Amino acid sequence: MRFAIGLLTILAIASIIGTVLKQNEPYPNYAFEFGQFWFVAFEKLGLYDVYHSSWFLLILAFLVLSTTLCIIRNGPTFLREMKSFRERATDNSLRAMRHSQQLDLTLDEARAMRLLQGHGLRVKRVPRDDGSVLLAAKKGSVNKLGYFFAHIAMVVICIGGLMDGNLPLKLGELTGSIKPETRELPQAQIPEQSRLGAGNLSFRGSVTVPEGKSADVIFMNSGNGYLVQELPFIVTLKKFHVDYYSNGMPKLFASDLIITDKGSGKTSEHTIKVNHPLVVDGVAIYQASFGDGGSPLQLKAWNLQAPQAAPTDIKGNSLGAQPLKVNGRDYQLEFGELRVFNVENTDAPGSDDKSLEQRLNDARSVRQDTKALKNIGPSISFKLRDQHGQAREYQHYMAPMQQDGEWYQVAGVRSDVAQPFQYLRIPLDKDMSIASFMRLYAALKNPALYDEIRERTTAKAMQGQAISPAMQQQFSDSVRWVLSRFAQGGFGALEQFLDDKVPADKRQAIAQTYIKILQGAVVDVMDVAQAKAGLAPWPQDAKHYRFLLDSLVSVSALQDYAAPVYLEMSGFEQVQSSGLQMTRSPGKNVVYLGSLLLVIGIILMFYVREVRVWLLLQRDGTRLAMTSNRHNRDLDQDFERMVDYLNKQAGEA
Amino acid sequence: MEMVLQQPLYKRLAAGDWLYALLIVVAAGYSFSLYGSALDYYEQLILAGSSIALVALGWFWPSWRWFFPLAGAVSLLAIQLYDHNLARAAESFGLKYLLSSQSSFMWMCTLFFLATVLYWAGTLSRAGLLMRMGSGLTWAAAVFALAGLFTRWYESYLIAPDVGRIPVSNLYEVFILFCLITALMYLYYEAKFAVRQVGAFVLLVISAAVGFILWYTFDRQAHEIQPLIPALQSWWMKIHVPANFVGYGAFAMSAMIGVAQLLIRRGILASRLPSAEVLDEVMYKAIAVGFLFFTIATILGAMWAADAWGGYWSWDPKETWALIVWLNYAAWLHMRLVKGWRGEPLAWWAVVGLLVTSFAFIGVNMFLSGLHSYGAL
Chain A
1 MRFAIGLLTI LAIASIIGTV LKQNEPYPNY AFEFGQFWFV AFEKLGLYDV
51 YHSSWFLLIL AFLVLSTTLC IIRNGPTFLR EMKSFRERAT DNSLRAMRHS
101 QQLDLTLDEA RAMRLLQGHG LRVKRVPRDD GSVLLAAKKG SVNKLGYFFA
151 HIAMVVICIG GLMDGNLPLK LGELTGSIKP ETRELPQAQI PEQSRLGAGN
201 LSFRGSVTVP EGKSADVIFM NSGNGYLVQE LPFIVTLKKF HVDYYSNGMP
251 KLFASDLIIT DKGSGKTSEH TIKVNHPLVV DGVAIYQASF GDGGSPLQLK
301 AWNLQAPQAA PTDIKGNSLG AQPLKVNGRD YQLEFGELRV FNVENTDAPG
351 SDDKSLEQRL NDARSVRQDT KALKNIGPSI SFKLRDQHGQ AREYQHYMAP
401 MQQDGEWYQV AGVRSDVAQP FQYLRIPLDK DMSIASFMRL YAALKNPALY
451 DEIRERTTAK AMQGQAISPA MQQQFSDSVR WVLSRFAQGG FGALEQFLDD
501 KVPADKRQAI AQTYIKILQG AVVDVMDVAQ AKAGLAPWPQ DAKHYRFLLD
551 SLVSVSALQD YAAPVYLEMS GFEQVQSSGL QMTRSPGKNV VYLGSLLLVI
601 GIILMFYVRE VRVWLLLQRD GTRLAMTSNR HNRDLDQDFE RMVDYLNKQA
651 GEA
Chain B
1 MEMVLQQPLY KRLAAGDWLY ALLIVVAAGY SFSLYGSALD YYEQLILAGS
51 SIALVALGWF WPSWRWFFPL AGAVSLLAIQ LYDHNLARAA ESFGLKYLLS
101 SQSSFMWMCT LFFLATVLYW AGTLSRAGLL MRMGSGLTWA AAVFALAGLF
151 TRWYESYLIA PDVGRIPVSN LYEVFILFCL ITALMYLYYE AKFAVRQVGA
201 FVLLVISAAV GFILWYTFDR QAHEIQPLIP ALQSWWMKIH VPANFVGYGA
251 FAMSAMIGVA QLLIRRGILA SRLPSAEVLD EVMYKAIAVG FLFFTIATIL
301 GAMWAADAWG GYWSWDPKET WALIVWLNYA AWLHMRLVKG WRGEPLAWWA
351 VVGLLVTSFA FIGVNMFLSG LHSYGAL
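Here the protein sequences come in this chain order: A and B. For the first sequence, UniProt numbering gives the first residue as 1, with consecutive numbering after it. For the second sequence, UniProt numbering gives the first residue as 1, with consecutive numbering after it.
Same shape as in the complex, but just chain B:
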């Protein structure tokens, strides 16, 4: 959001911004020189578009400038260690205990749990250092998550060239995506609004997702890479799914901030948490971001459905629940912007919103039947 007294963008950019942009452009150029001949017209456009998006994201959010290259470097190291041979996952020490996608995810899980503990310890004992360590571990977990996803992408091609695919196509992978996106969004707001104590709450929902990932891995072996069935072989998936999870992550975060806000308004932990007004604003911002991305994701989903199922809207249970989620948050925003609601009712509503969203996300897959069953439990 632009401030009134602000220099235009080109004047605000410093050497660091340009250096980062150069790094992305060089990386994209190098990729193009390696694989350009294998890319069709659309893929070239997508390469260019994603480079621009990455530069923009780095300029908008300074932390991204080290986060993304670091995650990229970690997965490049993993790829180096693999050396075109999947069997190395069990042989190479670095892969087996650190960098293979599964090891990365296990580290991610561990670090998220630790971060949750540290955030709580820091909040309860008012120890800024513990909370800073919590932030640090959350960042580290996010690096492992993103690097692990990249590595998993590569591993899928090692299984067989026709198995290769982006890792956002089943419940296991999207749960990791959910953890990653929720953590990153939280870290952004944490820095922007100096609300580190809220980490204790937001990390709880991430820890719940992590618990699910562990159960899903150990009990159901859901982590195995399966090839894409024909219904999922579509470009739309690559943008529809991440967009949706920005929405889900933002809604989950706003609900946890809502919980914190409700506690403060009841005098619980009030002295240890930021003011309710600040949290109210962060909650609103999170829902506004989530709503935008959820809208885009639903539209992309409709366009995909028009290619795959013979209609942009079929009242499939998933579609219908997406509509209900959308209406829910549209009403929330209406109440805040038009009726001027603030505080407690909206906080409660955000918490209830998470229940509705969770049902749309997981409940539909578990309890209802439809075309959209990408992951059964």
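The shape of chain A in the complex, shown without the other chains:
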């Protein structure tokens, strides 16, 4: 018993470790987290999959064994106890009981028997040598069965669990007949030693199936690698469905599946959804996850080195990779996931500062309408990898987004997955296109146009008498300088210059001047750009001016965007994929049976009270004695009542 409790404690501690340390992560994650030394130590202890480590299973098996032995050893005694009426109780032992009293009354034997039986007690009559008769009675003996049920239940549940455990796999891995695959291989090339036949009794794995595609195997994580489990059928994903509530929360994930039996070739169609699995040949198929299944994409590539050129069309597939040649250089374009639905909380920050009264009012309402959850439309993520293997990650949104009344195209960039995306907001023109911005960007990037621009800007400044004629040349040079510096490095370059070359006390004033020059000149940049393209000049109004100022921000942000090409998503055909989990667990019903036994056992143990009553009918009196499996207040009460009852009955007779 003590040993068993010690083992149980070890199991409990191991279980706690398993909840704190994330289980079954890819091994490199652990190595990164713990360092090489501890990584190896923990691996040796099996801590990355505690619940399936050999020592954990060994302790479990031992506990099952010891519980079984306990049942076998104590069982017969228990059964004997249960059956027995303890009719051999002597006068002394009756007297010694805590609830025992010599009553000054005589009861006729048949009547006493009836009284006891009338209250549901089973009675055994034992005549004694001295002429007295002992009536040994009892009630609630099934209480003892509770111990049996509860302990057998433990064994049954553990056996069911072991049936579904991966013991055969462990053995296979130990003997070397099964070896997890650690390489990324196409399914067909995975060697035989990493494959498990369809006859395998118990397994649990998953597979991702794109729409219109099929799968006839699943993959199971095993240590550092994975195993392939063959299925007795082929599963084809016809369509994946996802529904949302009006507030953007997901409402339904469902997959329309076609199941084709490998043996008979018969097909059948089913729909599975979360909480509603499908069982085929004893294999339960669950809706586990979903994602992009590789969707055809159409993109427009804007050459950022030559933004004046019309964009070229590119086709690709999400989750796919393809080479991309830009300005004579080779890049690898690696698409990530296409997300058609992006729900964001567009609530303005700071709206949380509320008075107590407002909070009280909010607390009364079960519906909050102020939360601005909004679907901001499809997005595609991709990486652009150069010849040195360096890559940045981009996330482009397809739909225009409105902010403060104006429309933008939004693109995120980051150089490291651990960082948040930095967003670029490109203002859209009246055709909802980024073409005007690109035109402006091209003009800014083209030093050949600077003379024309600075002439216009200077002329305007003269006209508005913002500068004196003496400063004309200097102003004109400044315009040129600011433009070229800005075009090369955005606001950052101007700031850099100020920090390097200008005394701290003058920076503020000079920065103001630069900004003013830039804000004035950008109007002329646009005019020149329009003229070069043979288009009409823009009207000078607040709306267009805001476009230009936004453009300046975007041009500056494009420095950090750091790509030779801007890929504008123009279309897609969504192909989704569904993550299916499949299990075969023959132990399930065994575990349920054990659970049922356990509940019955607990109820019998705690809610059926075993009470024994002895009535020793003597010639000149009666001894009453009672016991219960628990000495509690109930027995005190029972005993008192019994004494009263017998007195009353004897009086009536």
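Quick caveat, the hints were computed from the structure, so don't treat them as lab data. Predicted, not measured: the structure shown is a model, and the values here were computed from it. From the three backbone atoms N, C-alpha and C, an ideal C-beta is built for every residue, glycine too. Honestly, I wouldn't trust all of these hints.
[To be verified] To give a feel for the contact side, a few chain B residues facing chain A, derived at Cβ under 7 Å:
| id | residue |
| --- | --- |
| 1 | 5 |
| 2 | 7 |
| 3 | 37 |
| 4 | 155 |
| 5 | 231 |
| 6 | 281 |
| 7 | 292 |
| 8 | 312 |
| 9 | 315 |
[Stated by the list, open to error] Subject to a maximum C-alpha distance of 35 Å in a straight line, what follows is the list of computed DSBU-like cross-link-like pairs (lysine-lysine):
| id | chain 1 | residue 1 | chain 2 | residue 2 |
| --- | --- | --- | --- | --- |
| 10 | A | 83 | B | 238 |
| 11 | A | 325 | A | 532 |
| 12 | A | 83 | A | 124 |
| 13 | B | 11 | A | 144 |
| 14 | B | 238 | A | 374 |
| 15 | B | 238 | A | 238 |
| 16 | A | 262 | A | 251 |
| 17 | B | 339 | A | 144 |
| 18 | B | 11 | A | 139 |
| 19 | A | 251 | B | 96 |
| 20 | B | 11 | A | 22 |
| 21 | A | 170 | A | 300 |
| 22 | A | 648 | B | 11 |
| 23 | A | 139 | B | 96 |
| 24 | A | 83 | B | 192 |
| 25 | B | 96 | A | 374 |
| 26 | A | 22 | A | 325 |
| 27 | B | 96 | A | 83 |
| 28 | A | 144 | B | 96 |
| 29 | B | 192 | A | 138 |
| 30 | A | 239 | B | 238 |
| 31 | A | 124 | B | 11 |
| 32 | A | 238 | A | 300 |
| 33 | B | 339 | A | 124 |
| 34 | B | 238 | A | 251 |
| 35 | A | 124 | A | 144 |
| 36 | A | 138 | B | 11 |
| 37 | A | 445 | A | 543 |
| 38 | A | 315 | A | 239 |
| 39 | A | 516 | A | 532 |
| 40 | B | 11 | A | 273 |
Let chain A serve as the given structure and place chain B on it in line with the hints.
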């Protein structure tokens, strides 16, 4: 638990018992006549089953006979005031200040706090009247809690038909359930064992939960009704969650009784509290009830997991901690029943048990990641 000298059940039932049963049957019949056509076979079975369970509960515990119909009537009144229009929550005086689910819960919180104060005042000053008032307020708080849950259920359907769901699906709602169940269980034992002074202790743990509810409401707006994500759209939830909270409530109560018992054994407040032996027995009974329901809840959870996650046991942190809690109380009961332990060690153990249970209940959601994250803080 049946006594030896007891009339069989049918002989013990009085007119009041039958009247209550009739009320439940009529209510169930009326519901059926209204909605029977919309119920499938399972739902009809559940209607019948829950009616039987309600009758049984009323026969077993006389106070239930007025408590449940009263809570039902209060929420029916709220539904009447709503008149199929959620906006009435802000317009109707009765709803705004009393009966809308949120107002009910705020009243529940207030009453629980007041009851705690009264129980303590009554215990410290040995004033039976104050303690009786404490009981009364606890009852009132429980009525608001149950009626509020019913009303919230209705309100969820008013938001949108597809949003409608039973209010036991997020941390906010289960905390209210926890308060309700702990209070009701305590009130049952209070009447049965005449241990009113213990209310001061049990109400402390309820007040702590109430404090959390208030913070969660005002700071996190957690009270808003959100629709069910697909993983929670299951019948199992409706029985798994309440069963679990009977367990949690019983364990919390036993721990507070343990605290009272430890104080008595050290001579603190000893003259103002019931005897340590009585408390020992109540503690045992509470743990026995909690253990039964926690076992059932864990099994139901396993059956749900078999439908939802592809396996009845996945060693998810929540599952593992449920196992640890279960083992903890199994060992507790073993020690009492097999080794005959009594008194102080078991009282300490019950207190420690609450820490383990609380971690399984809240800690896992806060600190560990897993499939079972129904409420982040």
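*What hint numbers does the structure not satisfy?*
When the structure is compared with the hints, numbers 2, 3, 10, 20, 21, 23, 26, 27, 28 and 40 turn out to be violated.
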